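Novice: Sequence:
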Amino acid sequence: MHIAPYDNQNKPIVDVDDSCVPLTYFNIVKLVRDQVFEYRVPGYETCIVPATGSVDVSVEGLQFNGIGGRGVDVWDGEPEGVYVPSHTRASFVCTSETAEVFIAGARFEEVLTPFAVRSDEIDFVQYGSDDTKTHRKIKHILGQRYHDRVGRLLVSELYTVGQGGWSGFPSHKHDTDRLPLETRHDETYNFRFRPNTGSGVQMLQREDNKPGDAYHIVDGSTICLDKGYHPCAVLPGYEMYYFTILGGLTQRSLVQYFQPTHAGQIETIPGIKDMIAKFK
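Using this note's numbering, read the sequence shown as starting at 2 and increasing by one per residue.
Since the hints were made in silico from the structure, they are not lab data.
Any given hint could turn out to be false.
Said to hold, decoys possible - What follows is a list of derived Cβ distance ranges for each label pair:
{"id": "1", "residue 1": "237", "residue 2": "149", "range": "40 to 48 angstroms"}
{"id": "2", "residue 1": "9", "residue 2": "214", "range": "19 to 27 angstroms"}
{"id": "3", "residue 1": "99", "residue 2": "177", "range": "36 to 44 angstroms"}
{"id": "4", "residue 1": "34", "residue 2": "179", "range": "47 to 55 angstroms"}
{"id": "5", "residue 1": "177", "residue 2": "236", "range": "27 to 35 angstroms"}
{"id": "6", "residue 1": "217", "residue 2": "67", "range": "35 to 43 angstroms"}
Stated by the list, open to error - With a straight-line Cα cutoff of 27 angstroms, these simulated DSS-like cross-link-like pairs (lysine-lysine) come out:
{"id": "7", "residue 1": "274", "residue 2": "228"}
{"id": "8", "residue 1": "12", "residue 2": "31"}
{"id": "9", "residue 1": "211", "residue 2": "228"}
{"id": "10", "residue 1": "274", "residue 2": "138"}
{"id": "11", "residue 1": "211", "residue 2": "134"}
{"id": "12", "residue 1": "228", "residue 2": "12"}
{"id": "13", "residue 1": "134", "residue 2": "228"}
{"id": "14", "residue 1": "228", "residue 2": "138"}
{"id": "15", "residue 1": "134", "residue 2": "274"}
Only a predicted model underlies this, so the values are computations on that prediction, with no experimental measurement involved.
Beta carbons: idealized from backbone N, C-alpha and C, even for Gly.
Using the sequences plus the hints, can you model the full thing?
Specialist: Here's what the structure looks like:
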């Protein structure tokens with residue numbers, strides 16, 4: 002499902018118990034200096050990630066100051082975040098002129114311990130190549146490093162490298178719990194382009210070798226993925242970013258099932274096996 006950009010007025014874009022992706026939660030909060038936002042999402046653990054600007058975060062009396070710091074866009078610096086346990090009240094105040102803040106969530110009942118993820122603690126992966134049109138970077142905010150401190154939530158930022166190309170290829174899915182082949186993880190994306198007049202396409206193929214759907218994605222588009230194979234591409238001359246939220250049904254580790262028609266392409270893309278391992 003494609004949700005076109007709109008002014009959400011700091012209200013969830015993907016709320017709890019969403020009909021398409023009930024395992025994920027997503028909000029974009031826009032603030033000006035000294036403005037405060039407070040929230041609590043029962044039954045969902047969350048992560049606060051400034052897209053731009055800086056915030057001071059308070060989680061049940063614990064203080065995490067100076068989170069963020071990126072300037073004009075998501076390419077202007079490294080991400081930072083704060084993990085907020087389920088059922089827990091959190092607030093943040095804007096300490097820059099403006100801030101745009103992502104709140105990512107996954108359904109999980111157990112109450113864990115909040116913590117901050119600083120820029121030097123991001124788990125970084127780069128794979129693919131210009132020749133295969135698959136060159137990209139992944140910055141895991143809540144990735145493998147925090148496996149024992151988070152319930153079901155995976156949060157990452159994905160960047161195309163160069164201008165134009167494919168991401169999420171070879172086509173894969175993760176809509177059915179059938180270990181060891183695959184896990185059920187709902188997924189939500191928010192896209193950005195540089196320059197911001199750029200755009201791309203999100204494919205969604207429900208069955209191997211049968212026609213699927215395609216969505217025209219623009220700067221600020223949100224995509225909800227409940228089932229199917231889902232590669233995406235950016236137009237030549239533009240760079241693409243997408244904020245990625247994964248929520249697991251029964252476990253946090255993601256097991257992707259690659260589309261049989263294209264699975265052999267795994268052997269042609271440099272470093273992709275390292276990328277696959279980092280989502281676990």
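Novice: Run every hint past the structure and note whether it holds.
Specialist: Here's how the hints hold up against the structure:
1. 237 - 149: 40 to 48 angstroms: Given a distance of about 42 angstroms, which is inside 40 to 48 angstroms, the answer is holds.
2. 9 - 214: 19 to 27 angstroms: holds, 24 angstroms
3. 99 - 177: 36 to 44 angstroms: holds, 42 angstroms
4. 34 - 179: 47 to 55 angstroms: Since the Cβ atoms of residue 34 and residue 179 sit about 50 angstroms apart, the hinted range of 47 to 55 angstroms holds.
5. 177 - 236: 27 to 35 angstroms: Distance hint for residue 177, residue 236 holds at roughly 32 angstroms.
6. 217 - 67: 35 to 43 angstroms: Taking Cβ atoms as reference, residue 217 and residue 67 lie about 38 angstroms apart, which means the hint holds.
7. 274 - 228: holds, 22 angstroms
8. 12 - 31: Judged against 27 angstroms, a Cα distance of about 10 angstroms means the pair holds.
9. 211 - 228: holds, 14 angstroms
10. 274 - 138: holds, 14 angstroms
11. 211 - 134: Distance of about 24 angstroms is within 27 angstroms: holds.
12. 228 - 12: Between residue 228 and residue 12 the Cα gap is close to 25 angstroms, so the pair holds against 27 angstroms.
13. 134 - 228: holds, 25 angstroms
14. 228 - 138: holds, 24 angstroms
15. 134 - 274: holds, 17 angstroms
Going through the hint list in order, the structure satisfies each hint without exception.
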